[in-house]
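Residue numbers (our numbering), protein chains in the order written: chain A, 1 to 303; chain B, 1 to 144.
Hints listed in this document are in silico derivations from the structure and should not be mistaken for laboratory results. Check before you lean on any hint, since a few could be wrong.
Cβ-Cβ distance ranges computed for the label pairs, FRET-style [what the hints assert, rightly or not]:
1. R238/A x M48/B: 56 to 62 Å
2. D72/B x D195/A: 24 to 30 Å
3. N74/B x E234/A: 17 to 23 Å
Restricting the straight-line Cα-Cα distance to at most 27 Å, the calculated cross-link-like pairs of lysine-lysine (BS3-like) are [what the hints assert, rightly or not]:
4. K159/A x K102/B
5. K159/A x K127/B
6. K201/A x K127/B
7. K138/B x K200/A
8. K89/B x K55/B
9. K138/B x K201/A
10. K95/B x K80/A
11. K159/A x K17/A
Away from chain B, derived, C-beta distances all over 10 Å, residues of chain A [unchecked claim]:
12. D9
13. K104
14. G126
15. R173
16. R238
17. D241
18. F242
19. E268
20. V271
21. F282
This one's a predicted model, so the numbers in the text were calculated from it and none came from an experiment. Cβ atoms here follow ideal geometry from the backbone N, Cα and C, with glycine treated the same way.
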Amino acid sequence: MRHLMNPLDFSTEELDKLFDLANDIEQNPAKYAHTCDGKILATCFYEPSTRTRLSFESAMTRLGGRVIGFSDAASSSASKGESVSDTIRIISCYADICAMRHPKEGAPMVASEHSGIPVINAGDGGHQHPTQTLTDLLTIRSMKGRLDNFTIGLCGDLKFGRTVHSLIDALIRYDNIRFIFISPEELRVPDYITDMLSEKKIPYEEVIRLEDVMPRLDLLYMTRVQKERFFNEEDYVRLKDFYILDTDKMQLAGKDMLVLHPLPRVNEISVEVDSDPRAAYFKQAQYGVYVRMALILTLLGLA
Amino acid sequence: MLNVGKIEEGFVLDHIKAGKSLDIYEHLQLDKLDCTVAIIKNARSGKMGKKDILKVECDINTLDLDILAYIDHNITVNVIKNGVIEEKKVLVLPKEIKNVIKCHNPRCITSIEQELPHIFCLADAEKEIYRCKYCEQKYTESAK
Chain A
1 MRHLMNPLDF
11 STEELDKLFD
21 LANDIEQNPA
31 KYAHTCDGKI
41 LATCFYEPST
51 RTRLSFESAM
61 TRLGGRVIGF
71 SDAASSSASK
81 GESVSDTIRI
91 ISCYADICAM
101 RHPKEGAPMV
111 ASEHSGIPVI
121 NAGDGGHQHP
131 TQTLTDLLTI
141 RSMKGRLDNF
151 TIGLCGDLKF
161 GRTVHSLIDA
171 LIRYDNIRFI
181 FISPEELRVP
191 DYITDMLSEK
201 KIPYEEVIRL
211 EDVMPRLDLL
221 YMTRVQKERF
231 FNEEDYVRLK
241 DFYILDTDKM
251 QLAGKDMLVL
261 HPLPRVNEIS
271 VEVDSDPRAA
281 YFKQAQYGVY
291 VRMALILTLL
301 GLA
Chain B
1 MLNVGKIEEG
11 FVLDHIKAGK
21 SLDIYEHLQL
31 DKLDCTVAII
41 KNARSGKMGK
51 KDILKVECDI
61 NTLDLDILAY
71 IDHNITVNVI
81 KNGVIEEKKV
91 LVLPKEIKNV
101 IKCHNPRCIT
111 SIEQELPHIF
121 CLADAEKEIY
131 RCKYCEQKYT
141 ESAK
């Protein structure tokens, strides 16, 4: 029995198969509409995350399966003090596969050790969120036709951004990827990541202004810069506009560049960019459903 | 000089940092074994000045000594069979350590579920880096 805890749990060959399946689902949804008839997905969300939960629920429903679950810890037996390992033993009797989100890091792994059904980590604190990374990779592969030979700009909060760290880990397995990290000094990518890139001789550079690098990017991955991450108001006011993507900055970019964002966005991408054909972030949400459908089928052994 | 008799079968753990023998006694769970154990503290040592020595008379297959490498890889492990040193064991860092060190990450699931074992996996043998199996936080001495 297989679980998904970390985006690196799957080899690049396995990911290719998963993404091929996701693309086939995208092209032929009717073919898959009953592949999970009679199957049940349990969404065990110990903290609210409406988007991720609905994406899983949509995925299972589109496969013909059904969904049970809870959407916050207060409405689960965790509020009575039940351990994760006990909960998953019970859920294993009720469902065929489980997607678990938990504020504590490693909770889905604990579940997987005691589970009778496949467990998908749907986000564990600041640790991992593998289906987001799979979504990012599927979006890039589907829209660009490849996962190698890119210059990717990662912009915003690169220090605390879990999605950014996971995406870097996932992309370095492909050939000829160049990273440009665009962030204020306070929110630079952690040293252990730049050390690892240097060790593996993967090219990267760190810059402060998004405008300076726009023409060189094949992909731009935006994240939110939160005001509370800055040490003082003055720096925030000085720097915040560097990280707001608007039509002026988009004019500097190549015609094939894609903009991705894990969402939700607040104001880091102006709504005027939404109609730009290079804006891929809403398509990304659609790919999130396809990749979760492919993942459910794969882990259930139905692919 | 204090004299402790020879053992027929078991281990002599030599060059233990002075004062650390009781920690090792605990980690190896020697209290649970029904066998002769000699704990020699502050023995004179040409190399170390002072050192501790542990002599354990037991079946040589009963003890898991991997953990010693994590605690102190300078410890010399002599395997005794028929009253003579049969082997000097080379200590290798264990791939996994269970319930020896604790995860101090307040965001880790082990911080709220008390019954969970604290398991650390060897992430980098060269730099001797262990990470919590659950949250992958690096273990640092200062967090002890």
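Tested hints:
{"no.": "1", "hint": "R238/A x M48/B: 56 to 62 Å", "in the structure": "holds, 57 Å"}
{"no.": "2", "hint": "D72/B x D195/A: 24 to 30 Å", "in the structure": "holds, 28 Å"}
{"no.": "3", "hint": "N74/B x E234/A: 17 to 23 Å", "in the structure": "violated, 52 Å"}
{"no.": "4", "hint": "K159/A x K102/B", "in the structure": "holds, 26 Å"}
{"no.": "5", "hint": "K159/A x K127/B", "in the structure": "holds, 24 Å"}
{"no.": "6", "hint": "K201/A x K127/B", "in the structure": "holds, 19 Å"}
{"no.": "7", "hint": "K138/B x K200/A", "in the structure": "holds, 20 Å"}
{"no.": "8", "hint": "K89/B x K55/B", "in the structure": "holds, 15 Å"}
{"no.": "9", "hint": "K138/B x K201/A", "in the structure": "holds, 23 Å"}
{"no.": "10", "hint": "K95/B x K80/A", "in the structure": "violated, 36 Å"}
{"no.": "11", "hint": "K159/A x K17/A", "in the structure": "violated, 32 Å"}
{"no.": "12", "hint": "D9", "in the structure": "holds, 13 Å"}
{"no.": "13", "hint": "K104", "in the structure": "violated, 4 Å"}
{"no.": "14", "hint": "G126", "in the structure": "violated, 7 Å"}
{"no.": "15", "hint": "R173", "in the structure": "holds, 18 Å"}
{"no.": "16", "hint": "R238", "in the structure": "holds, 31 Å"}
{"no.": "17", "hint": "D241", "in the structure": "holds, 32 Å"}
{"no.": "18", "hint": "F242", "in the structure": "holds, 30 Å"}
{"no.": "19", "hint": "E268", "in the structure": "holds, 25 Å"}
{"no.": "20", "hint": "V271", "in the structure": "holds, 34 Å"}
{"no.": "21", "hint": "F282", "in the structure": "holds, 31 Å"}
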